[in-house]
Each structure stands twice: as C-alpha cells, then as structure tokens.
Amino acid sequence: MPSLRDIQRRIRSVEKTQQITSAMRMVAAAKLRRAQDAIIAARPYSDRMYATMQEIGRREPVDEHPLLQRRDTGTLEVVVVTSDRGLCGAFNANAIKHAESYIAGRAGSHRELVVTPVGRKAAEYFRKHRPRSVGRVWTDIGDVDVNLAMEISEHLQKRFIEGESDEVVFVANRFVSALVQTPIDAPLLPLAPVPHQGETANGDEMPYKVEPNVGKVLHALLPRAIEFSIYRVLLENQAGEHAARMTSMESATRNTEELISSLTLQFNRARQAAITKELVEIVTGAQALE
Amino acid sequence: MAFELTIVTPEGEAFRGEVDSVILPGTEGDFGVLGGHEPFLTGLRIGPAELQPAGDGDTLYAALSGGYAEVHGREVTVMAPTCEFAHEIDSGRAEVARERAQRMLGEMRSTADGEELYDEYQDAYSRALTRLNVSKKQEQFKH
Numbered sequence: 001m002p003s004l005r006d007i008q009r010r011i012r013s014v015e016k017t018q019q020i021t022s023a024m025r026m027v028a029a030a031k032l033r034r035a036q037d038a039i040i041a042a043r044p045y046s047d048r049m050y051a052t053m054q055e056i057g058r059r060e061p062v063d064e065h066p067l068l069q070r071r072d073t074g075t076l077e078v079v080v081v082t083s084d085r086g087l088c089g090a091f092n093a094n095a096i097k098h099a100e101s102y103i104a105g106r107a108g109s110h111r112e113l114v115v116t117p118v119g120r121k122a123a124e125y126f127r128k129h130r131p132r133s134v135g136r137v138w139t140d141i142g143d144v145d146v147n148l149a150m151e152i153s154e155h156l157q158k159r160f161i162e163g164e165s166d167e168v169v170f171v172a173n174r175f176v177s178a179l180v181q182t183p184i185d186a187p188l189l190p191l192a193p194v195p196h197q198g199e200t201a202n203g204d205e206m207p208y209k210v211e212p213n214v215g216k217v218l219h220a221l222l223p224r225a226i227e228f229s230i231y232r233v234l235l236e237n238q239a240g241e242h243a244a245r246m247t248s249m250e251s252a253t254r255n256t257e258e259l260i261s262s263l264t265l266q267f268n269r270a271r272q273a274a275i276t277k278e279l280v281e282i283v284t285g286a287q288a289l290e
Numbered sequence: 001m002a003f004e005l006t007i008v009t010p011e012g013e014a015f016r017g018e019v020d021s022v023i024l025p026g027t028e029g030d031f032g033v034l035g036g037h038e039p040f041l042t043g044l045r046i047g048p049a050e051l052q053p054a055g056d057g058d059t060l061y062a063a064l065s066g067g068y069a070e071v072h073g074r075e076v077t078v079m080a081p082t083c084e085f086a087h088e089i090d091s092g093r094a095e096v097a098r099e100r101a102q103r104m105l106g107e108m109r110s111t112a113d114g115e116e117l118y119d120e121y122q123d124a125y126s127r128a129l130t131r132l133n134v135s136k137k138q139e140q141f142k143h
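Just so you know, the protein sequences line up as chains A and B, in that order. Be aware that the first sequence starts at 1, since it is given in my numbering, and climbs by one per residue. Be aware that the second sequence starts at 1, since it is given in my numbering, and climbs by one per residue.
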C-alpha cells in the first residue's frame with residue numbers, strides 16, 4: 001500500500017496537470033472564438049466574388065483559362081492540412097488518415113503523386129512515411145492570414161499552369177461545429193467551370209462594361225478564387241484545431257478531477273487506517289499494563 | 001455626388017462609407033471614379049488607392065494588392081486580397097521589405113535563375129513600395 005506521503009504527492013502532481021489542461025482549454029476557447037470570427041468576416045468576400053463570377057459566366061462561356069484546363073492526371077498533388085501542434089485529440093490523425101485513404105482510393109488514376117503538407121503534424125508524418133512524394137512543405141503556420149494563403153496558392157497555381165501537376169486536391173478538416181470536425185477531400189484545380197446560362201430570363205442587357213475584356217478580368221479573378229478557397233480551408237483548419245483542443249482539454253480536465261477524487265478517497269482511507277492502527281496500539285499497550 | 005464605396009478583403013470589410021471620389025490602380029492604368037460613373041468591372045494591380053470621403057473628411061490613402069473593382073450604380077466594390085490604410089502601415093517594416101526585395105532582385109539579375117522567383121520578388125517589391133508611398137503621402141497630406 002502506498003504511503004500517505006506518496007498519495008499526497010500524486011494528488012499534487014495531478015492537480016498541477018489539471019491547472020495546465022484547464023488553462024489550455026480556456027486559451028483554446030478564446031482562440032476558437034477568434035477563429036470563428038475570422039470565418040464570418042471572410043463571408044462577404046466570398047459572396048461578392050461568387051456573385052461576380054456568376055455574372056461573368058452568365059455573359060460569356062468561361063472555359064478558356066489555363067486554371068480551368070482539364071487533362072489526364074499525370075501528377076496528382078494532394079495538399080494535406082493539419083495544425084502545427086498536438087494535444088488536440090484525433091484532429092490531426094483524422095486528417096492524415098483521411099489523406100492516406102484518399103491516396104489509396106486514387107491508386108492507378110495517376111502516374112505520380114506529390115504530397116504538399118501544410119502544418120507541422122502533416123509535414124512530420126509525410127516526411128517519415130512518404131519521403132519521396134513530399135514536395136514543398138509549409139510549417140509554423142501560426143495565425144492564418146491572407147499572405148499565407150497567397151503564398152500557397154501561387155505555388156500551386158504555378159505548378160498547375162506549368163504542367164508540373166495536373167490535378168490538385170485538398171485534404172483537411174472541415175469545421176462543422178465546435179464539437180464536430182470532419183476530414184474531407186475537395187478538388188482545387190482544375191477549377192470547376194463557371195456555369196454559363198446565356199441570356200437571362202428577363203433579357204437583361206449587360207449591366208456593365210468589362211475592362212479591358214472578360215479574359216483579362218478572369219485572369220485577375222480566378223487566382224483570387226483559388227487563393228480564397230485556400231484561405232478558407234486554412235481558417236477552418238485553424239478553428240477546428242482550437243475546437244478539438246478545447247474538447248480534448250475539457251475531457252482531460254474531467255479525467256484529472258476523477259483521478260483526484262479517487263486519490264483523495266485512497267488518501268483518506270490510508271489516513272483512517274493509520275489512525276485505527278495507532279489506536280489499536282495504544283489500547284493494546286494500555287491493556288498490557290493492567 | 002457621393003456614392004458608397006466598399007473595400008472587401010478576405011479578412012473582412014476594410015472600408016465602407018460614402019465617398020465623393022476614389023482613385024484606383026487598374027490593370028490598364030489608374031482610374032478615378034466619381035458619382036454617376038458608368039457601370040464597369042476591371043482588374044486591379046498592386047498600388048495605392050486614394051479615397052475622398054464625402055463631406056470635409058481628410059483624403060485617405062490605402063495600399064491595395066491586386067484584386068478587382070466593380071462599379072455598379074451608386075455602389076462601388078473593391079475586392080482585394082489585402083488593403084492597408086496609411087495608419088496601419090509600419091513604414092519601417094515596409095522599408096526593410098523593400099530593401100530585401102531590391103537586394104533579391106539585384107542578385108537575381110546576376111544568377112538569372114527562374115522567372116517565377118523574379119516575379120515573386122517583383123511583386124514583393126511593388127507591395128513594399130506601395131506601402132511606403134501610401135504612408136508618405138498621408139504624412140504630406142497632414143502637414
């Protein structure tokens with residue numbers, strides 16, 4: 001049986017762990033709120049952009065752009081997004097597992113595979129398990145901002161346009177709610193063609209002039225669309241990470257509570273046993289004197 | 001005749017308000033928009049924007065990094081990946097970025113490897129330069 005002091009020492013150590021996990025939970029909750037705000041702040045941009053693209057697509061069939069070009073998949077590029085840090089439950093493991101099963105499912109559909117990890121956890125995993133497939137790596141993504149999305153999108157677009165990759169797919173966690181994050185795969189390049197509906201029903205003439213021409217504007221617009229999808233994936237990954245950390249730290253805190261109460265019980269029993277033992281000794285001593 | 005200008009970035013609305021005029025860096029050259037401009041859509045390049053808020057407000061300068069602008073009736077929308085107003089710009093950092101980009105461009109010319117890197121540094125250079133110019137212009141305006 002462990003001594004009183006041993007139990008006390010353990011209780012103290014578990015209490016310290018509890019302080020850390022509950023602090024981490026609170027930090028994650030605050031960061032989650034910020035990450036969610038960022039997702040909401042991004043909405044007007046995406047709404048406006050899709051409206052404009054629809055408007056252009058309505059007027060002219062949009063298929064003459066290198067980023068829309070469909071070709072046989074020689075090289076498949078899979079961008080796997082995870083967080084930099086752990087201690088967030090199965091969040092990163094789920095994304096990596098999903099990426100592996102996606103890659104396995106696509107076997108035979110391409111000649112070459114390139115994995116582009118974003119986030120330290122993905123980088124560590126793929127460097128170890130698929131060292132020959134790992135292309136450029138992004139780690140220490142920290143607080144997601146547009147510049148990071150721009151950097152990644154420029155890299156992916158350049159490779160696609162120059163024919164170094166023929167299809168680009170994202171695997172990342174989708175932020176469904178604070179409690180649910182589901183890993184998904186989503187095609188990034190080639191872009192899905194903008195639906196061309198021809199004339200509008202009410203015969204509305206072009207509401208505006210496009211300068212210098214639709215093609216040039218598309219050149220400016222499509223890269224923005226890609227950049228934005230990446231930004232969104234990164235934001236959802238960030239929000240998901242904090243949400244997952246919050247939940248897992250919450251359950252860790254609960255576990256420490258249980259542990260503390262069972263240790264306290266053990267401690268009290270041991271204390272009681274010691275008292276009983278002492279009493280018995282005193283009583284027997286006294287009896288022996290009589 | 002004032003109109004409503006909205007500058008939207010992925011990080012949220014950078015500006016929304018009534019303005020008398022705005023000058024934007026279009027891909028085909030800078031252009032000014034006044035109230036009652038004909039509806040049109042155009043791409044933007046990296047460069048400064050100049051806003052004249054309705055009424056007696058001070059002229060505002062902002063650094064844009066591409067995107068596009070849509071003029072539609074009384075509404076003008078600018079969609080840009082980033083939009084920094086003069087007061088948000090750290091000119092010291094912009095200067096450092098400009099010097100770095102310039103050095104890289106200088107080195108590129110000698111080693112001549114890769115057009116894409118060159119473009120990247122060129123963009124970085126113009127972004128830094130725009131930021132510097134924007135914060136300088138706003139300074140001048142105040143004095």
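I should point out that these hints are in silico values taken from the structure, not numbers from a laboratory. Predicted model only: the values in this text are computed from it and were never measured. Don't take each hint at face value.
Some chain A residues judged to face chain B by a derived CB distance under 8 Å, without partners named [as the list claims (entries may be wrong)]:
| # | residue |
| --- | --- |
| 1 | GLU15 |
| 2 | GLU211 |
| 3 | PRO212 |
| 4 | GLY215 |
Taking lysine to aspartate or glutamate pairs in the EDC-like style, the calculated list, with each CA pair at most 16 Å apart, reads [what the hints assert, rightly or not]:
| # | chain 1 | residue 1 | chain 2 | residue 2 |
| --- | --- | --- | --- | --- |
| 5 | A | LYS158 | B | ASP123 |
| 6 | A | LYS31 | A | GLU250 |
| 7 | B | LYS137 | B | GLU107 |
| 8 | A | LYS16 | A | ASP185 |
| 9 | B | LYS137 | B | GLU28 |
| 10 | A | LYS128 | A | GLU100 |
| 11 | A | LYS209 | B | GLU120 |
| 12 | A | LYS216 | B | GLU75 |
| 13 | B | LYS137 | B | GLU75 |
| 14 | A | LYS216 | A | ASP47 |
| 15 | A | LYS209 | B | ASP123 |
| 16 | A | LYS31 | A | ASP185 |
| 17 | A | LYS158 | B | ASP119 |
| 18 | A | LYS16 | A | GLU258 |
| 19 | A | LYS158 | B | GLU120 |
| 20 | A | LYS97 | A | ASP185 |
| 21 | B | LYS136 | B | GLU75 |
| 22 | A | LYS209 | B | ASP58 |
| 23 | B | LYS136 | B | GLU95 |
| 24 | A | LYS97 | A | GLU124 |
| 25 | B | LYS136 | B | ASP90 |
Glycine residues also receive a C-beta, built at the ideal position from the N, C-alpha and C atoms.
So, going through the hints one by one against the coordinates:
no. : hint                : in the structure
1   : GLU15               : violated, 41 Å
2   : GLU211              : holds, 4 Å
3   : PRO212              : holds, 5 Å
4   : GLY215              : violated, 11 Å
5   : A:LYS158 x B:ASP123 : holds, 15 Å
6   : A:LYS31 x A:GLU250  : holds, 15 Å
7   : B:LYS137 x B:GLU107 : violated, 30 Å
8   : A:LYS16 x A:ASP185  : violated, 40 Å
9   : B:LYS137 x B:GLU28  : violated, 23 Å
10  : A:LYS128 x A:GLU100 : holds, 13 Å
11  : A:LYS209 x B:GLU120 : violated, 31 Å
12  : A:LYS216 x B:GLU75  : violated, 22 Å
13  : B:LYS137 x B:GLU75  : violated, 26 Å
14  : A:LYS216 x A:ASP47  : violated, 21 Å
15  : A:LYS209 x B:ASP123 : violated, 28 Å
16  : A:LYS31 x A:ASP185  : violated, 25 Å
17  : A:LYS158 x B:ASP119 : holds, 11 Å
18  : A:LYS16 x A:GLU258  : holds, 14 Å
19  : A:LYS158 x B:GLU120 : holds, 11 Å
20  : A:LYS97 x A:ASP185  : holds, 12 Å
21  : B:LYS136 x B:GLU75  : violated, 29 Å
22  : A:LYS209 x B:ASP58  : violated, 31 Å
23  : B:LYS136 x B:GLU95  : holds, 12 Å
24  : A:LYS97 x A:GLU124  : holds, 14 Å
25  : B:LYS136 x B:ASP90  : holds, 11 Å
The earlier numbered hints that this structure contradicts are 1, 4, 7, 8, 9, 11, 12, 13, 14, 15, 16, 21, 22.
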